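Novice: The lines below spell out each chain.
Protein chains: 6
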Amino acid sequence: MALESTFTHLRAGQPTMVDITEKSPASRTAVAEVWVELGAAIIDRFQANDLQGPKGPVCQTAIIAGTMAVKKTSELIPFCHPLPVEKCDFTLTPTATGLCIRCEVSTTGKTGVEMEAMTGASVAALTVYDMCKAMNKGIRILDLRLLSKTGGKSGDYHADSRS
Amino acid sequence: MALESTFTHLRAGQPTMVDITEKSPASRTAVAEVWVELGAAIIDRFQANDLQGPKGPVCQTAIIAGTMAVKKTSELIPFCHPLPVEKCDFTLTPTATGLCIRCEVSTTGKTGVEMEAMTGASVAALTVYDMCKAMNKGIRILDLRLLSKTGGKSGDYHADSRS
Amino acid sequence: MALESTFTHLRAGQPTMVDITEKSPASRTAVAEVWVELGAAIIDRFQANDLQGPKGPVCQTAIIAGTMAVKKTSELIPFCHPLPVEKCDFTLTPTATGLCIRCEVSTTGKTGVEMEAMTGASVAALTVYDMCKAMNKGIRILDLRLLSKTGGKSGDYHADSRS
Amino acid sequence: MALESTFTHLRAGQPTMVDITEKSPASRTAVAEVWVELGAAIIDRFQANDLQGPKGPVCQTAIIAGTMAVKKTSELIPFCHPLPVEKCDFTLTPTATGLCIRCEVSTTGKTGVEMEAMTGASVAALTVYDMCKAMNKGIRILDLRLLSKTGGKSGDYHADSRS
Amino acid sequence: MALESTFTHLRAGQPTMVDITEKSPASRTAVAEVWVELGAAIIDRFQANDLQGPKGPVCQTAIIAGTMAVKKTSELIPFCHPLPVEKCDFTLTPTATGLCIRCEVSTTGKTGVEMEAMTGASVAALTVYDMCKAMNKGIRILDLRLLSKTGGKSGDYHADSRS
Amino acid sequence: MALESTFTHLRAGQPTMVDITEKSPASRTAVAEVWVELGAAIIDRFQANDLQGPKGPVCQTAIIAGTMAVKKTSELIPFCHPLPVEKCDFTLTPTATGLCIRCEVSTTGKTGVEMEAMTGASVAALTVYDMCKAMNKGIRILDLRLLSKTGGKSGDYHADSRS
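Protein chains in written order, with this note's numbering: chain X, 15 to 177; chain U, 15 to 177; chain E, 15 to 177; chain B, 15 to 177; chain P, 15 to 177; chain H, 15 to 177.
Source of the hints: derived by calculation from the structure; they are not laboratory data.
Quantities reported herein were computed from a predicted structural model and do not represent experimental measurements.
A couple of the hints might just be wrong.
Since the list can't tell identical chains apart, any single copy or any two copies may satisfy a pair.
Unchecked claim - Here are the computed lysine to any residue pairs in the SDA-like style, where the Cα-Cα straight-line distance is at most 20 Å:
id, residue 1, residue 2
1, LYS124, LEU156
2, LYS124, THR30
3, LYS167, ALA26
4, LYS167, ASN150
5, LYS86, LYS101
6, LYS37, SER168
7, LYS101, THR125
8, LYS37, LYS124
9, LYS37, ARG159
10, LYS124, SER38
11, LYS37, ALA54
12, LYS101, ALA26
13, LYS167, THR43
14, LYS124, GLY53
15, LYS167, ALA148
16, LYS167, ALA55
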């Protein structure tokens, strides 16, 4: 874990938006991933009800909620800059006990879309929780993290493989 | 993990809001918790800059963003009912490598506030990520879960101790 | 067409919210309907791609967008009162040349949910337009109207059969 | 009715935002139109109360609500891209039995503003309905359609005359 | 100026929402007032253009923006509780050099609507500023204050006459 | 007070958004200022509780609420164009009886950010009011005005010194 710089959102001890007026617009992407641990019983229920895994109504609702949340990121995170979302793509992969949600966002702007990707993955996971919680309140949303970012002066970032 | 019922948000294969017209208003609470793994270097930086741990500007910004997100829950989660939030309380506890965020929400309404508590904890954690990401893009948001809910006909719920 | 009263939203020539402080909370419902004329070619394409008519992704996206719009009604219509939506149900029925969208909303409140049902049907129809417009920009959204309302002092309303 | 292409918002059976990262910004306009059938009695009432037809408070409220809805389009329609609205102009034309609402929107962006114009016309019409519904719940909102779009690689579009 | 109590929004040095779970719903009203100093030249222009003083399009736009802002208060002010607005009434009174804007709000709820009235007056004033600023960037928005509040356990409040 | 032009937001007597399609993007800034008269007793209480004047939780909450309001300006003011906020900086200066709030906003866009700066200052002041109103309902928000704007074809503006 490299310590790149210091708190960019603080100025004289007060929180503040980072000034990006002098930055140049660039193509930027970010990918975030989260894991929803649903338990085998819910996964079985998905199959028994022919909910078609990643194409069924639970997953489609999660994709739509996540996409709308990506567009709302700067309303949710106080010091996020508003950015024109140009691409927003979700991939949901079921396994035996849960669902892996990946959210990829692209923009052309003066700052990156890491928070958009993280927020989209997070709200998609919360939506899955909401639609399954009547069956299991113990569902956990595990390990939300940034997988990669590209574009911009600060360089690209690629997370290590999951350890 | 008990399997209480089936998909309440599906009707004839389509997603839908649960009908709560016949339910009675009741006092309801929910508590959610999430863990943000910041890494020791950021925690050290908090202390070196006298950011006062849980009372400093990073935590205050997270509390405010989380509170505002609790009030936005029904805008974010497609089939959540709007509820009048009457209490919303955050507790942030730092440790050697990260921050534990707990969000408690109360209402008087026809359905519970589990999603409000989960959403509040989630957005508070994303805000911490945003304010620290210049120092470490590898921050992880781990183990978002419901700790408890009370009130309403479906009974109380208390999560097992963290295993 | 009965002329029941005069402009309730005007006071001394200025627009204004209707004062409902003295009204009593009651169970209220409203149903609105709209017709989207897609053309036979798009309906054929639905079937050829196995999009499963009313359960496919176009219809599910419309239902989700419509449900979220129902909850946003008082943000969109300037003098609408905010109301707690307790039920919101969509029915989409395809025919040979288009889609009939019906939206039913219920609340317990001091005023009715006609605007919620009308707004929900309208945004669901716009979403269908959006998802099909690459195939046909000439899609028309026809005959949005209130089918019925129940509850409240002003009495029930049922539209005549479509003439 | 030409069938130009296929479902742009579906990828592997799931709904998704169209990727516009590779498109070029261009000047774009769209015009939408809708007809509100109020009935002669309400139109008479407009005149008897000196509500000045298209300049009176009902129409002004509709214009303002419509303009604000144009700016909210990407919040309402799940897969719409956010665009910087640079012009938004409404024309309301009363006739003997109703009101014709036309909404013109312009932007400089990577995709078109058809949905913005359609959404603006739609919410303006809903606002007229709201302000007149105490007099006639049978008001119908008829024939919302795109009149034209210009700009962008997919070429201009002009609707046929109303048949 | 009486010092009634201490900071209700702080708990252990952190900002927090006030807990109103134990309070009883009651009828509550609040009235706020603000003065917009436009300058005589703009007031003359209002008259020369037959903009009808308080009924013209500038004032109607201010009323609509103010009403919509009243409904958004809990989204804008971080620790405000959401409340069902049941009445929202604006009075605009022009004088020789400006405009006095008064906003009255009523609810039935567990806490008061002071912030709703203050926010409504404030946004109505900002809207007047926006619509007149091309003529005079030196417009001032002066003396926004609470005129009165009624209802609830903390008792009624009536401001002294303007000194 | 110079009378620069006429009502830019009216067209044929109706309110309308200004058409900026032909304008060129430029760097633009605006600074607004407002004074909150809290009374000496609250200022004393700030000090007695070690709330650290401008860095304490009241001021931080005001900064966050103000920043989020700057980003919401085009949602609040009906005919404001949406603009990408690139910088948003608050300065809060306490004196013996109150707090001076200054808000500076920058963008690269086709129109100015005067309304963003005015709205940010206004909502920050309302937030201070909200957090202190339990101690004094007589707090006044005085003299909100534009201090300066730069950039764009209409030239720079600098307010006279406070008279």
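Novice: Please list, smallest to largest, the hint numbers that this structure does not respect.
Specialist: 1, 3, 9, 11, 14 and 16
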